Amino acid sequence: MFGYQAGLIGLKVHDEKFALAVMNNAEPTASEVAAFEDDLKGHKVKAMLYNAQASEPSVARLVQMAKANGVPVVGVSETEPAGSNYQKWMIGQLEALDAALGGAGK
153 MFGYQAGLIG LKVHDEKFAL AVMNNAEPTA SEVAAFEDDL KGHKVKAMLY NAQASEPSVA
213 RLVQMAKANG VPVVGVSETE PAGSNYQKWM IGQLEALDAA LGGAGK
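Per the numbering used here, the very first residue in the sequence shown carries number 153; after that it's consecutive.
Note that these hints are calculated values from the structure, not bench results. Here the structure is a predicted model, which is why all the values come from computation and not from measurement. By construction, the Cβ of each residue, glycine as well, lies at the ideal position given by its N, Cα and C atoms. There's no promise every hint is true.
Stated by the list, open to error - Estimated spans, in silico, between C-beta atoms of each pair: (1) Q239 <-> Q216: 30 to 38 Å; (2) A186 <-> S236: 23 to 31 Å; (3) K240 <-> K219: 20 to 28 Å; (4) D190 <-> Q239: 35 to 43 Å.
Based on the provided sequences and hints, a complete structural model is requested.
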């Protein structure tokens, strides 16, 4: 869901097979889960982005794993929040990612 945006700003998305499985309400394979966990534990990713509107227990476990391993976690959404507009929504998500990556912000 944030993949296009990530690509446009130059981020490399790790574990795309895992993300596609979760996005399509399918179970990721054991090797996909293991690769994702390895990336978190080995600090092979700069941040973990997840769908803040979903509540999959497996994703919640990975969010906790990321936090426990000092990997910044950023919740992104697939739909525009009420009371917002597209620009504010996208800028808010980008600013949250910038902050997680240690950026200077505004």
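Going down the list of hints, with the structure as the test:
1. Q239 <-> Q216: 30 to 38 Å: With a Cβ separation near 32 Å, Q239 and Q216 satisfy 30 to 38 Å, so the hint holds.
2. A186 <-> S236: 23 to 31 Å: Since A186 and S236 have Cβ atoms about 37 Å apart, the given range 23 to 31 Å is violated.
3. K240 <-> K219: 20 to 28 Å: Given a distance of about 27 Å, which is inside 20 to 28 Å, the answer is holds.
4. D190 <-> Q239: 35 to 43 Å: 37 Å, holds
The structure is inconsistent with hint 2 alone, although it conforms to all the rest.
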